[in-house]
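Sequence order for the protein chains is A and B.
Heads up: the first sequence begins at 1 in this note's numbering, then just goes up one per residue.
Heads up: the second sequence begins at 263 in this note's numbering, then just goes up one per residue.
Rather than coming from a laboratory, the hints here were simulated on the basis of the structure.
These numbers come from a predicted model, not from an experiment.
We put the CB at the ideal spot given by N, CA and C, even for glycine.
Misleading hints may appear alongside valid ones.
What the hints assert, rightly or not - Taking CB as the label site, the calculated pair distances span:
(1) Ile115(A) with Ala275(B): 31 to 37 angstroms
(2) Ala197(A) with Gly278(B): 46 to 52 angstroms
(3) Val272(B) with Val84(A): 40 to 46 angstroms
(4) Val188(A) with Ala268(B): 22 to 28 angstroms
(5) Ser11(A) with Leu308(B): 28 to 34 angstroms
(6) Ala268(B) with Ala13(A): 27 to 33 angstroms
(7) Gly278(B) with Leu48(A): 35 to 41 angstroms
(8) Ala182(A) with Ala268(B): 43 to 49 angstroms
(9) Glu340(B) with Ala196(A): 53 to 59 angstroms
Unchecked claim - Calculated from the model, a selection of chain A residues having no Cβ within reach of chain B, i.e. all distances over 10 angstroms:
(10) Pro141
(11) Val149
(12) Phe201
To be verified - Partial list, computed: chain B residues near chain A (C-beta under 10 angstroms):
(13) Ser264
(14) Leu273
(15) Val282
(16) Leu283
(17) Arg285
(18) Glu286
(19) Ala310
(20) Ala314
(21) Leu315
(22) Leu327
(23) Leu330
(24) Ala334
(25) Arg338
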Amino acid sequence: MSRRGRLAVFSVAGLGLAVLLVAAFLDARPFGTAFHPLGDASVRASLLERATANTVASITFDQRGLDTMGEEFILFAAVLGAAVLLRRDREEREAAAPDERREGRGQVGHMPEVIRLAGYLVLPFVVVVGIYVVAHGHLTPGGGFQGGVILATGLHLVYLAGDYPALRWLQTNRIFEVSEAAGAAGYVLLGLAGLAATGAFLYNVMPYGQLGQLASAGTVPLLNAAVGIEVGSGVVLLLAEFLEQTLVLREPGGNRRAGAGG
Amino acid sequence: MSVLVAVALVLTAVGGTAVVLTREPVHQAIVLSVFGLLLAILFVVLQAPDVALSQLVIGAAVLPLMVLLAIAKVRRGERG
């Protein structure tokens, strides 16, 4: 399509979107007022009936748990798709020498020592923060998704610290493939437990306990843990595919010298 | 609308425009990361800390990293 043709099509679409958006916003409730009937109902259900201090977690994992399961499997499918797309081609081969460790050290030789030290120093704190965010998802902001991604990015501090072979060993060891599947299955199994006990999928079958306690909100912390494991493993696998493509695999006829990516 | 919300909204709009106007892919990934941070600040100002945390870890960290890795792969393919 010519430049003018594209511009014409875009103008029609852009103008239509603008008109519809303005019309929708004119009809919306005023911004920043205190009138939130749906919000009030959700907060009441979460705090008074379900003993879940973090109302958002109550909505995503208890009041609308099925939606969250759909989101979890969107990520699952996306990671699967990326793994299939970025699978090792028959023509591609590893650039690393048989003694992978030494080769790996050579790749990151220019990494300043202070960054490597910072990577190792920060790693334990990031892991603790990640676990905390997952475990307290029903009490404070955060939850399985946020904590899972923090854990996954924390693991990549190992790469920043210059030990890519160690990270690669973790990635190729199939630990994360198993744990990702286990996390996804755990969510469904908790849903099935609700179905078996009450006849409603994902029904909160655990006792709610006392508001604000670590062991409260029924199945919400368990669902958070399942999502944390699934998301953390999924992000690790996703980044592993990209890192492998960038750092390890070489196209046939490509240059053999390994260079650190990014 | 408070001044804080207005400032955060304007910063987010400026950040988004900066991402579009940056033409060099590597620079764009960095600007995208800054934009992710600005968007997270907007979510905090709008009292949505859960979403802000998600936006921070994905938009400011994982997404720019994936873009950078993809660029590194494509560029080496061109050189080799």
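Consistency of the hints with the structure:
1. A hinted range of 31 to 37 angstroms for the beta carbons of Ile115(A) and Ala275(B) is consistent with their spacing of about 34 angstroms.
2. Restraint check, Ala197(A) to Gly278(B): a C-beta distance of roughly 47 angstroms satisfies the suggested window 46 to 52 angstroms.
3. In this structure the supplied range 40 to 46 angstroms holds for Val272(B) paired with Val84(A), their Cβ-Cβ distance being about 42 angstroms.
4. Checked against the hint of 22 to 28 angstroms, the C-beta distance between Val188(A) and Ala268(B) comes to roughly 44 angstroms, which is inconsistent with it.
5. As the Cβ distance of Ser11(A) to Leu308(B) is approximately 32 angstroms, the hint placing it in 28 to 34 angstroms holds.
6. Restraint check, Ala268(B) to Ala13(A): a C-beta distance of roughly 29 angstroms satisfies the suggested window 27 to 33 angstroms.
7. Checking the proposed 35 to 41 angstroms range against Gly278(B) and Leu48(A) shows it holds: the Cβ atoms sit about 40 angstroms from each other.
8. For the pair Ala182(A) and Ala268(B), the beta carbons lie near 46 angstroms from each other, so the given range of 43 to 49 angstroms is met.
9. For Glu340(B) paired with Ala196(A), a C-beta distance near 56 angstroms keeps the hint of 53 to 59 angstroms intact.
10. Some Cβ of chain B comes within 10 angstroms of the Cβ of Pro141(A); the nearest lies about 4 angstroms off, and the non-interface call is violated.
11. For Val149(A), the non-interface assignment is contradicted: its Cβ lies about 4 angstroms from the closest Cβ of chain B, within the 10 angstroms cut-off.
12. Listed as a non-interface residue, Phe201(A) keeps its Cβ farther than 10 angstroms from every Cβ of chain B; the least gap is roughly 24 angstroms.
13. About 8 angstroms separates the beta-carbon of Ser264(B) from the nearest beta-carbon of chain A, less than 10 angstroms, and the hint is met.
14. Hint status for Leu273(B) relative to chain A: violated, with the closest Cβ pair at about 18 angstroms, above 10 angstroms.
15. Violation of the interface hint for Val282(B) is found here, the shortest Cβ-Cβ separation to chain A being roughly 14 angstroms, above the 10 angstroms cut-off.
16. Given the 10 angstroms rule on beta carbons, the hint for Leu283(B) is violated: about 17 angstroms separates it from the nearest Cβ of chain A.
17. Because the beta carbon of Arg285(B) sits about 17 angstroms from the nearest beta carbon in chain A, more than 10 angstroms, this interface hint is broken.
18. Hint status for Glu286(B) relative to chain A: violated, with the closest Cβ pair at about 15 angstroms, above 10 angstroms.
19. Given the 10 angstroms rule on beta carbons, the hint for Ala310(B) holds: about 8 angstroms separates it from the nearest Cβ of chain A.
20. Interface hint status for Ala314(B): upheld, as the beta-carbon distance to the closest one in chain A is roughly 8 angstroms, under 10 angstroms.
21. Of the supplied interface hints, the one on Leu315(B) holds, with its beta-carbon coming within about 4 angstroms of a beta-carbon of chain A, less than 10 angstroms.
22. For the restraint placing Leu327(B) at the interface with chain A, the shortest Cβ-Cβ distance is roughly 7 angstroms, inside the 10 angstroms limit, so the hint holds.
23. For the restraint placing Leu330(B) at the interface with chain A, the shortest Cβ-Cβ distance is roughly 5 angstroms, inside the 10 angstroms limit, so the hint holds.
24. Below 10 angstroms, beta-carbon pairs count as interface contacts, and Ala334(B) has one with chain A at about 4 angstroms; its hint therefore holds.
25. The interface hint given for Arg338(B) is met, as the beta carbon of that residue sits about 7 angstroms from the closest beta carbon of chain A, less than 10 angstroms.
Comparing the model with each earlier hint shows violations of hints 4, 10, 11, 14, 15, 16, 17, 18; every other hint is respected.
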